[in-house]
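Student: Taking the hints into account, I'd like the entire structure generated from these sequences.
Chains as they are written, first to last, in our numbering: chain X, 22 to 152; chain Y, 22 to 152; chain R, 22 to 152.
Just so you know, these hints were derived from the structure itself, not from any lab.
If several chains are the same, the list does not tell them apart, and a pair holds so long as it fits within one copy or across any two.
Straight-line distance between alpha carbons at most 27 Å, and here's what the computed DSSO-like set of lysine-lysine pairs gives:
{"no.": "1", "residue 1": "LYS24", "residue 2": "LYS146"}
{"no.": "2", "residue 1": "LYS53", "residue 2": "LYS150"}
{"no.": "3", "residue 1": "LYS24", "residue 2": "LYS53"}
{"no.": "4", "residue 1": "LYS53", "residue 2": "LYS146"}
{"no.": "5", "residue 1": "LYS24", "residue 2": "LYS150"}
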Amino acid sequence: MLKTFHVRTDHHDQMIDVTSQVQDWLGEEGVKDGVVIVSSMHTTAGLTVNENADPDVKTDMLRRFREVYPWDHAEDKHAEGNTAAHMKTSTIGHAQTLIVEDGRLVLGTWQGLYFCEFDGPRNRKFVAKVL
Amino acid sequence: MLKTFHVRTDHHDQMIDVTSQVQDWLGEEGVKDGVVIVSSMHTTAGLTVNENADPDVKTDMLRRFREVYPWDHAEDKHAEGNTAAHMKTSTIGHAQTLIVEDGRLVLGTWQGLYFCEFDGPRNRKFVAKVL
Amino acid sequence: MLKTFHVRTDHHDQMIDVTSQVQDWLGEEGVKDGVVIVSSMHTTAGLTVNENADPDVKTDMLRRFREVYPWDHAEDKHAEGNTAAHMKTSTIGHAQTLIVEDGRLVLGTWQGLYFCEFDGPRNRKFVAKVL
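Tutor: Written as C-alpha cells, this is what we have:
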C-alpha cells in the first residue's frame with residue numbers, strides 16, 4: 022500500500038501542514054494500528070514534525086534555517102546553487118515515521134507533520150507506506 | 022502495544038539517557054525481534070542517539086546547539102520566545118526508530134538513546150511502539 | 022534478518038553512497054515490499070538521503086557542516102576533541118527508514134543513501150533490518 026501525495030509549493034521556503042491529508046488517507050484505507058512512513062522524493066525538500074498552532078513558528082524556523090545555511094555562499098561548488106536546500110533537507114530529514122493507534126496518528130497536542138520546501142516554488146511529492 | 026514514558030526534566034536544556042527504560046520495557050513485553058519507534062509528544066523536546074560514555078559530550082552538544090540556534094533572537098516573532106527549541110527539535114528529530122534483535126536494542130558500544138529537553142524544566146512524555 | 026555492512030572510510034569527513042549495497046542485499050534476500058531500517062553503529066558517523074548526481078553537493082555539504090560545527094572549539098570539554106562529529110551525527114541522524122516496493126528502494130530520481138563519516142578515516146559499520 023504505497024500512496025503518493027502531490028504538493029504544490031508557492032514560495033522558495035515553505036512549511037505546509039500535511040497532517041490531515043495523511044490522516045484522511047489512513048481513514049480511507051481503514052488503518053487502525055501500525056506506523057506510517059512518509060518520505061519526500063526530493064533532495065531539497067523534506068518532512069518534519071513541529072508546531073501546528075502559531076504560524077509564526079514556521080516563519081521563524083524558515084528564517085533561522087536561512088541564517089544557519091545561507092543561500093549564497095562564495096565557496097559552494099554545486100552549479101545549481103542550492104546547496105543550502107540540500108543542507109536543510111538532511112538536517113530535518115527526508116522522511117518521518119509516525120505511529121498510528123485506533124485509527125489516529127499518535128501526535129502531541131501541538132504536533133503537526135510538515136512538508137518543507139527549501140527550493141521552491143515547485144511541484145513536489147512524497148510517498149507514504151503503512152506497516 | 023503503545024507505551025507512554027514519562028520524563029521529568031530538571032534543566033532548560035538536558036539530554037537524559039532513556040535507553041535502559043526502553044530496553045526494560047522490551048524485556049517485560051517479551052519482544053525478541055523487530056523495531057521500536059520512540060516518539061516525543063512535544064515540539065520543543067526530541068529524541069536522538071548519541072554517546073553514552075563521557076558526560077562532557079552532552080554538555081558540549083547542548084552548548085553547541087545553543088550557539089547555532091541562540092535563544093534570544095531579535096527577529097523571532099513567536100510570542101512564546103522558544104523558537105530555538107523548535108529548531109533543535111526538528112534538527113535532531115522528534116522520533117527515532119531502533120532495531121531489536123534477540124531481545125536487545127541493536128546499538129553500537131557507545132550509542133545510547135537520549136530524550137532531549139530544549140525548553141525545560143517540564144513534565145514530558147514520549148511513546149513507544151513495537152513492530 | 023539483520024545484516025551488517027562494513028564501510029572503510031578514507032577521509033576525515035566523507036559521504037559514501039551505499040544505495041546499491043543495500044539494494045543488492047534486498048535483491049539477494051528476495052525482499053519485495055516493506056521497509057528497511059539502516060542504522061549506523063557509531064556516534065560520529067550517520068546516514069542520510071541526499072543527492073546522488075553532482076559530487077559537488079557532497080563537497081559543499083561537508084564543508085557547510087564544518088562551518089556550522091567547527092572542529093576546534095575553545096569551550097568543548099570532551100577529551101576526544103570530536104564534539105563536532107557528534108553534532109553532525111545527531112543532525113543528520115544515525116539511522117534512516119527506507120520504503121521498498123516491487124523489490125526496489127523507493128527513492129526519488131536524485132536521492133541516494135549516504136553513509137556519512139565525520140571523524141575518519143576508520144573502519145565503520147551499519148546494520149540493516151527489513152520489516
